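Visitor: Based on the provided sequences and hints, a complete structural model is requested.
These protein sequence lines are chains G, B and E, in that order. Numbering of the first sequence is given in the working numbering, commencing with residue 1 and proceeding in unit increments. Numbering of the second sequence is given in the working numbering, commencing with residue 1001 and proceeding in unit increments. Numbering of the third sequence is given in the working numbering, commencing with residue 2001 and proceeding in unit increments.
Keep in mind that the hints are not guaranteed to be accurate.
[As the list claims (entries may be wrong)] Only pairs whose alpha carbons sit at most 30 Å apart, straight line, appear in this in silico BS3-like list of lysine-lysine:
1) G:K157 <-> E:K2045
2) E:K2205 <-> B:K1186
3) E:K2204 <-> B:K1199
4) E:K2204 <-> B:K1189
5) B:K1199 <-> E:K2205
6) E:K2205 <-> B:K1189
7) G:K86 <-> E:K2338
8) E:K2205 <-> B:K1185
9) E:K2205 <-> B:K1008
10) E:K2205 <-> B:K1015
11) E:K2198 <-> B:K1008
[Said to hold, decoys possible] Facing chain B, a subset of chain E residues (Cβ under 8 Å, in silico):
12) N2061
13) V2195
14) R2196
15) R2199
16) G2200
17) F2203
18) K2204
[As the list claims (entries may be wrong)] Footprint (simulated), chain B over chain E, 3 or more residues, beta carbon under 8 Å:
19) 2018–2028
20) 2045–2054
21) 2206–2219
Honestly, the hints are just simulated from the structure, not real lab data. Since we're looking at a predicted model, the values are computed, not measured. All C-beta atoms in this analysis are idealised placements derived from N, C-alpha and C, irrespective of residue type, glycine included.
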Amino acid sequence: MLSVICAGFGGQGVLTAGLVLANVSMAGGQQVTWVPSYGSEMRGGTASCRLRISDSEILNPFFDQADVLIAMNQESVDTMQDMVAKDGTIIVNSTMVDIRTVRDGMRMIDVPATALSSEMGNPRGANIAMLGATIAATALFPVESFADGIDSYFDAKGRNTPLNRACFLDGASAVKGE
Amino acid sequence: MTEKRIPKTLVEDNKFCPGCGHGIINRVLAEVLEEMELVDMAIGSVAVGCACLMIDTFGTDWVQAAHGRAAAVACGIKRVRPENFVFTYQGDGDSLAIGFSETMYAAVRNENITAFIVNNGIFGMTGGQMAPTSLPGQRTTTSPAGKDPSLAGQPLNIINQMRQLPIAYLARGSVGSFKEIIKLKKYIKAAVTNQIEGKGYGLVEILSPCPTNWKMTMRGALDHMGDNVKNFFPTGEFIKEGVHTDA
Amino acid sequence: MTRAFMKGNHALAEAAIRANMTFFGGYPITPQSEILEYLSDNLPKAGGTFLQAESELAGVNMVYGAAAAGHRAMTSSSGPGFSLLQEGISYIASAELPAVFVDVQRYGSGLGDIFQAQSDYYVATRGGGHGDYRVIAYAPASVQETVDLVGLAFDKAEQYRNPCLILSDASIAQMMEPVVFPEKRKCDPDHEWAVRGKRGGDFKKITSTMYYTENFDQYIHDKYATIQANEQRWESIQAEDAEIVLVAYGISSRICKEAVSTARAEGIRLGLIRPITVWPFPEEAFDGLGKGLRAYLTVELSALPRLRDDVMLATGMKTPVHHFLAGNTVPSSQTIVKQAVALLEK
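Guide: Here it is as C-alpha cells:
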C-alpha cells in the first residue's frame, strides 16, 4: 500500500493531481481512497489531499505516515515533512521551493515542475509533471502505461492536450536523471 | 318550493361549531370544484386547526401536514403530480404564525398551487388564543386585557405581504354577508382557474366569524366583521392573472 | 462493470437517482451540501424534481407531500438540520409513508462543527421525533456500501411503509473511493395508498393512522417487532473466538477492522461486530460468542458514549462493555489495539 500526500497553494492543481493519480490507479485495477484536507487539517492557503493506493482492500483512509509527499510549494515542505515516514520520499517542486532541508534518511527528488511546464507552454501542467516524478520514483506503474492512463483520463473529460503527456514524461525523467 | 341542493362532495354534515364560517367556505369550495369538474383530481393539504375537521366530510383526497406546513406538503404533491389540482386549506394561526415561512415561500416560488386561508382572527381549535391576525384590543385567552400591538404587533396582513411577489392571483373575500359570499365564489373560481391554466400561485384569504371564541352571538359576530375586521382587512382582488389591480 | 471514482455524497445522490427517487427537497449544510449540488444538476436530467427548500422544515414536508403522492422522495441534512427534520419524520412515520432521509453526521451539539463524528446515534436510532415510531437506520462504512444501502433503504421504506435513514458521517461523505452503481430502477408511483385524486373512487386521507387503525397499539407494536426480527444487518469479523470484541459502525468500524488484523498478527484475539443497521440493532450478532470473551469495547467518534448503551442492552450486560471515545478525530488502529490490550491486562 502506498500512502501519498499531495500539497500546495490553491490553484496549483493539487487536488486535481490527487484525482488524476487516483483515477488512473483505479483504472489500473488498484483500490484507492482520496480524502481532502478538511477542517483543522487545512493550514493557511495550502490545500492538500491524502491518497492510499493498494491492490487489496483499504480500511483506513487516514494515516500518520506518508510514503510520498508531493510538495508544490515551500509551506508544504516546511509543515508536512513531519508526516512523511523515515524512509519516505518528498517530491519537491524546486521552482517554487528554495529551502530544501529535509530530515536525514529521507529521499528528496527535485523537479523544476513549474519551470519545465512553463517552458513547454503548459504552465498549468506543473502538477502533472510532479505526478511523472511520483510514478517514476515509486514504480507504482510503468511510466508509459501511466502516461496512457493520463491521456485516457483527460480524453474522457474532453479536455486533453499532448502537453499533459509531455509534462508527465519530463517530470518522470527528472527522477531517472538523479 | 325551493330545493335544498347540497354539493355531493360534502359527504357528511360538517363538524364545525354553530355560526362558524368554515361550513359556508367548504360549501362554496365544493360548488366550485364540482362546477369545474375537478373533484376527481383534487388533492387538499391541511395542517392543524379547525380546518382539519373537513377531511372527513369533504370528499376529495387529503394529506394532513404538520402544523403550519401545508404549503410545503402541497408543493411536494404538485411537483410530482402536476396533473392534479392541489390546494391548501388552513386557518390564519396555522398558515400565518407557525407556517408563515412555508406559506410565503410557496408564493415566492410561484408554486402552481392554490391556497385558501381562513382568517377568523383567533386560534379556534385550541380554545381562543391570540392569533397574528387578532385585532388591537381583542380579548383572547392569551390577551385577556386585549391585544397590545406594542407587545404582539399589528394584525398581520398577508395580502400586503404577498402583493409584491410574482404570483398569479391574490384576493380577500368574506363570508360576512350573502353578497360577499357570491363574490367569494368568484374569487375562488379565479384562483382555481389560474392553477388549471398553469399560471401559478393563487391565494384567497377569507374573513370568517368565530362566534364561539369571540364570545359573541352570530349576529354580533357578523356586525363585528362589518364594523371592525374589514377596517383592517379590506376585501377585493389584488392580483389577477399576474397583474396588479387598483384595489 | 465500470468503476467510477466518487465522493461519498455524490455517490449517495447518484444512488438515489438510480433507485428512482423523483423528488428531493433540501437545505444546504456542511458536510452534506454536495448531495444537493449533485442532485440540482442531475435529478432534473433524470426527469425528477430538485427543490432547494427555504428550511429543513419545509424540505421534509415537501418530501411528505411527494411521498403521500406515491413517489420515491428523499431529503438530506447534517446535525443541526437533522434536528429540524424530526418533526416531519414523525409525521411521515405516523402516516405510514415511505421516504428516505440522510444524516451526514458532524461533531457536537448546538452548532457544533463540521468535523466527522458519530454524535447523532440517539436521534438516529430512537425515532428522533415525538411519539411511538422507529426509523430503519443504515450506517454505511464505505462509498460503495453507501450506494448499496441507499437502494435498499428505498425498497425497505416501501416494504414497511416507514421512513428509512442513511446514517453517514463526514469522513465517508467527503472521501472518494471507486464505486459501482446498479442500473436505474423503474417504480410505479400509483400505490393503492397514494393520493392522486379520487378519480371516481373513494377519497383517501393521509394522516396519522392511529385515527383509522383498529387496535393501534398492538398494530404498531407488531409492525416494529417484525422489522426488528427481519431487518438486523451486521458484519462479524473474527468475533467467535475473540477475547475482546470491538463494536463500531461507519468510519470507525474501518479502523477497527484494521485493528483486528494488526492485533491478530500479534497473537491478540481481537474481533469486531460492525452494525450495518443501527436500528434495528443487530442483537443476533452477539449470540453465541466464545467462552473466552472477556469484554466488549465500542469505538465511537463522539464526546459521550452512545453505541455503548445498545451493546449493553443487546448483551444483558453479562460481559463488561467498555467504550473508547475518539471525539472528532479518527483514531489510528494502533490506538485501538492499545485500548484493547489495556483491557486484557486489567
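Visitor: Hint compliance check: list the failing hint numbers for this structure, sorted ascending.
Guide: none
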